[in-house]
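One-letter residues, chain by chain:
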Amino acid sequence: EDKVVQSPLSLVVHEGDTVTLNCSYEVTNFRSLLWYKQEKKAPTFLFMLTSSGIEKKSGRLSSILDKKELSSILNITATQTGDSAIYLCAAGSGTYKYIFGTGTRLKVLA
Amino acid sequence: EAQVTQNPRYLITVTGKKLTVTCSQNMNHEYMSWYRQDPGLGLRQIYYSMNVEVTDKGDVPEGYKVSRKEKRNFPLILESPSPNQTSLYFCASSPGIALYNEQFFGPGTRLTVL
Numbered sequence: 034e035d036k037v038v039q040s041p042l043s044l045v046v047h048e049g050d051t052v053t054l055n056c057s058y059e060v061t062n063f064r065s066l067l068w069y070k071q072e073k074k075a076p077t078f079l080f081m082l083t084s085s086g087i088e089k090k091s092g093r094l095s096s097i098l099d100k101k102e103l104s105s106i107l108n109i110t111a112t113q114t115g116d117s118a119i120y121l122c123a124a125g126s127g128t129y130k131y132i133f134g135t136g137t138r139l140k141v142l143a
Numbered sequence: 002e003a004q005v006t007q008n009p010r011y012l013i014t015v016t017g018k019k020l021t022v023t024c025s026q027n028m029n030h031e032y033m034s035w036y037r038q039d040p041g042l043g044l045r046q047i048y049y050s051m052n053v054e055v056t057d058k059g060d061v062p063e064g065y066k067v068s069r070k071e072k073r074n075f076p077l078i079l080e081s082p083s084p085n086q087t088s089l090y091f092c093a094s095s096p097g098i099a100l101y102n103e104q105f106f107g108p109g110t111r112l113t114v115l
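Chains as they are written, first to last, in the working numbering: chain A, 34 to 143; chain B, 2 to 115.
By construction, these hints were calculated from the structure, which means they are not laboratory data. Careful, some of the hints might be misleading.
Computed footprint of chain A on chain B; a stretch qualifies when at least three of its residues, placed anywhere within it, have a C-beta under 8 angstroms from a C-beta of chain A [said to hold, decoys possible]:
id : stretch
1  : 37 to 44
2  : 56 to 62
3  : 87 to 101
4  : 106 to 113
The following residues of chain A were derived to be distant from chain B, with all beta-carbon distances above 12 angstroms [stated by the list, open to error]:
id : residue
5  : L44
6  : T53
7  : D99
8  : A111
Since this is a predicted model, take the numbers as computed values, not measurements. C-beta: ideal position from N, C-alpha, C; glycine also.
Taking the hints into account, I'd like the entire structure generated from these sequences.
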């Protein structure tokens with residue numbers, strides 16, 4: 034059965050801290066690994082990683098795909114209160130499905 | 002503006018009363034999908050469609066129907082809603098069908114079934 038597991042479930046940090054969110058996946062014929070940020074509305078896209086693009090960076094956020102370990106991490110450096118959100122990881126499978134993890138709830142305190 | 006729209010945004014209904022949640026995208030995307038989001042369970046895929054007249058079940062299809070008669074529209078139908086279908090629903094679309102693209106999400110529909 035395809036599955037995506039995220040850890041930790043929740044995290045509380047102070048502004049300026051660096052955080053690492055984890056995502057592991059087991060999917061049929063893996064295609065892609067996507068990260069989304071969800072505040073009190075629809076998920077917004079952050080990164081997509083594939084076998085041909087295993088590292089992405091945008092400002093303070095970066096993500097790496099470890100194809101050997103079937104996992105990915107999302108790093109956020111110098112966190113800000115605006116980073117408070119649920120971070121979702123999803124894997125695209127060869128069965129044309131996207132499988133989401135349950136998310137990591139991040140709270141950044143001022 | 003490129004977007005995915007859903008209607009209604011909020012709906013309170015009673016058990017057994019058929020309802021339809023509409024979803025439309027203006028990006029000419031092939032792939033469309035419906036998800037439900039419940040606390041502690043994350044986003045779960047209900048149905049997806051790879052193109053017009055091509056639909057398939059996701060992980061939680063029971064109690065739902067979909068159709069894809071036009072490329073831009075992908076309505077979600079609840080023939081006989083039950084309280085366990087109370088949830089936040091998202092429609093999403095993506096270019097291509099190989100799952101090498103990001104999904105664009107609609108604003109969500111919060112459904113309460115009494």
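Right, here's what the structure says about each hint:
Using a Cβ-Cβ cut-off of 8 angstroms, 4 residues of the stretch 37 to 44 of chain B lie near chain A, which meets the minimum of three, so the contact claim holds. Figure legend: the stretch 56 to 62 of chain B, annotated as covered by chain A; annotation consistent (3 residues with Cβ-Cβ distances under 8 angstroms, at least 3 required). With a cut-off of 8 angstroms between beta carbons, the stretch 87 to 101 of chain B has 5 residues touching chain A; three or more are needed, and the interface restraint holds. With 4 residues carrying a beta carbon less than 8 angstroms from a beta carbon of chain A, the stretch 106 to 113 of chain B meets the three-residue requirement, and the given coverage holds.
A:L44, annotated as away from the interface, keeps every beta carbon of chain B farther than 12 angstroms; the closest lies near 16 angstroms. Every CB of chain B lies more than 12 angstroms from the CB of A:T53, the least distance being 19 angstroms, so the non-interface label holds. The claim that A:D99 is not at the interface with chain B holds, since no C-beta of that chain comes within 12 angstroms of its own (minimum 19 angstroms). Its beta-carbon lying about 25 angstroms from the closest one in chain B, A:A111 satisfies the requirement of being farther than 12 angstroms from that chain.
When held up to the earlier numbered hints, the structure conflicts with none and fits them all.
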